[in-house]
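Chains as they are written, first to last, in the numbering used here: chain A, 507 to 619; chain B, 145 to 259.
Worth flagging that the hints you see were computed from the coordinates, not collected in a lab.
Warning: the hint list may mix true and false statements.
[To be verified] If you only want the chain B side, here are some residues facing chain A, beta carbon under 8 Å, derived:
no., residue
1, Q173
2, T176
3, F178
4, E196
5, G197
6, K208
7, Q248
8, F250
9, V258
10, L259
Positions of the beta carbon are idealized from the N, C-alpha and C atoms, including for glycine.
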Amino acid sequence: KQEVTQIPAALSVPEGENLVLNCSFTDSAIYNLQWFRQDPGKGLTSLLLIQSSQREQTSGRLNASLDKSSGRSTLYIAASQPGDSATYLCAVPGGTSYGKLTFGQGTILTVHP
Amino acid sequence: GAVVSQHPSWVICKSGTSVKIECRSLDFQATTMFWYRQFPKQSLMLMATSNEGSKATYEQGVEKDKFLINHASLTLSTLTVTSAHPEDSSFYICSALLTSGKEQFFGPGTRLTVL
Numbered sequence: 507k508q509e510v511t512q513i514p515a516a517l518s519v520p521e522g523e524n525l526v527l528n529c530s531f532t533d534s535a536i537y538n539l540q541w542f543r544q545d546p547g548k549g550l551t552s553l554l555l556i557q558s559s560q561r562e563q564t565s566g567r568l569n570a571s572l573d574k575s576s577g578r579s580t581l582y583i584a585a586s587q588p589g590d591s592a593t594y595l596c597a598v599p600g601g602t603s604y605g606k607l608t609f610g611q612g613t614i615l616t617v618h619p
Numbered sequence: 145g146a147v148v149s150q151h152p153s154w155v156i157c158k159s160g161t162s163v164k165i166e167c168r169s170l171d172f173q174a175t176t177m178f179w180y181r182q183f184p185k186q187s188l189m190l191m192a193t194s195n196e197g198s199k200a201t202y203e204q205g206v207e208k209d210k211f212l213i214n215h216a217s218l219t220l221s222t223l224t225v226t227s228a229h230p231e232d233s234s235f236y237i238c239s240a241l242l243t244s245g246k247e248q249f250f251g252p253g254t255r256l257t258v259l
């Protein structure tokens, strides 16, 4: 059974810092890995999707890397801003399909001015 | 990008009543949709897989007679919480899988409060 773990559980940083969120998964036979953002009481916003054949994906100030063999992914946020404050979730598909995502517990990020 | 909507966004009901939540893919067809629930300060847990034109597949521990799922068209799946109780209060989120099967998009969620 796939298990996804995110470290740290919470992170508080001053504005402008570069930061790294970590995600690990137990079963390396994944099709892809996805990072999401969730604001309080809201749904999920997809940030980055990395296919299993890729090593990283970039979108603006966000960069996500994937190391399947070690079962790890990192989300790098450059020059953090207060608007980045949210919960960040990583997820991987379970079993033999792209669906049925297994989520980590999330990292609660607070960026203070 | 692909958009998924949910209706209602929040609902408050009395214990014992049934509540229906709709999940729609607005600009694409989705043969497969998923229903998740999220308790406060916890992550999302998959409840069931909704397949257009066939019965839903429920995850272990999810009561199929309590959480009725209907996927009547390629753009609509509904989740009905029957005889709701306070312990069913949660945030319910749906997602729709692109026909390519490689990415899914999430709805904004429905906050259910059962009094």
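- request: Check each numbered hint against the structure and report the violated ones by number, ascending.
  value: When the structure is compared with the hints, numbers 1, 4, 5, 6, 9 and 10 turn out to be violated.
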